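Colleague: Counting from 1, position 131 in the sequence shown corresponds to residue 1402 in our numbering; the numbering is continuous, with no gaps.
Just so you know, not all the hints are guaranteed correct.
To be verified - When the alpha-carbon atoms are kept at most 30 Å apart in a straight line, the in silico BS3-like pairs for lysine-lysine are as follows:
no., residue 1, residue 2
1, Lys-1351, Lys-1311
2, Lys-1387, Lys-1339
3, Lys-1314, Lys-1352
4, Lys-1339, Lys-1326
5, Lys-1311, Lys-1360
Since the hints were derived computationally from the structure, they do not count as laboratory data.
Small disclaimer: the values here were computed from a predicted structure and weren't measured.
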Amino acid sequence: MKTNRIMASLVVVALMFSIFSFTTSRQIDTGKAISSSEWKNLKVLPQNISEDSLKGLMRGYNAALGVKCNFCHAENPDTKKMDFASDAKKEKEFARHMIVMTRDINAKNFNWENAKNPEMINVVTCVMCHRGNESPTKSLIEPVNAELKNVKDVAKEKLAPTSGSTKVEKK
């Protein structure tokens, strides 16, 4: 029963994150606009992203990875507040890489412009693999590894010579 509630919660979070990712990738929110000169160190996100969109996106990452802001962002030792512009943590650069990766996968594999119902397109998001964990879960990786082993075993069987096979000799 508890597992069903957890799974239902994860599905709801994934759906909300997918919808949010789609809308933010297609248009910039009309919320409180921040000029690009006010943002510090945005490298992969749009320079004209609104404060509301940026906060929503970050909350989505928090939920998808089951982490808080300090997972990617460093604390300023003097003020004891988050220094969002700092690149002190390697996780932040890795997150940038993952953002670009998912953006590229979605751009190359989904036909947004010609879709009759683009809001129904399933997109690749962080939660698809992370499922609320800092690293992709074992429950996702183990079945993939098992399937790869199965494919290799089948290939070996099909490519192995049979005992009744005949040799063809060259003349």
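Colleague: With reference to the structure, classify each hint as holding or not holding.
Modeller: Outcome of the hint check:
For a cut-off of 30 Å, the pair hint linking Lys-1351 to Lys-1311 stands: about 19 Å separates their Cα positions. For the hint linking Lys-1387 to Lys-1339, the alpha-carbon distance of about 37 Å lies beyond 30 Å, and the restraint is violated. Taken as a hint, the Lys-1314 and Lys-1352 pair is honoured in the structure, with Cα atoms around 21 Å apart against an allowance of 30 Å. A hinted pair counts as satisfied when its Cα atoms are at most 30 Å apart, and Lys-1339 with Lys-1326 qualifies at roughly 13 Å.
Note on Lys-1311 and Lys-1360: the hinted pairing holds, with a Cα-Cα distance of about 16 Å set against a maximum of 30 Å.
Of the numbered hints given earlier, the model fails hint 2 alone.
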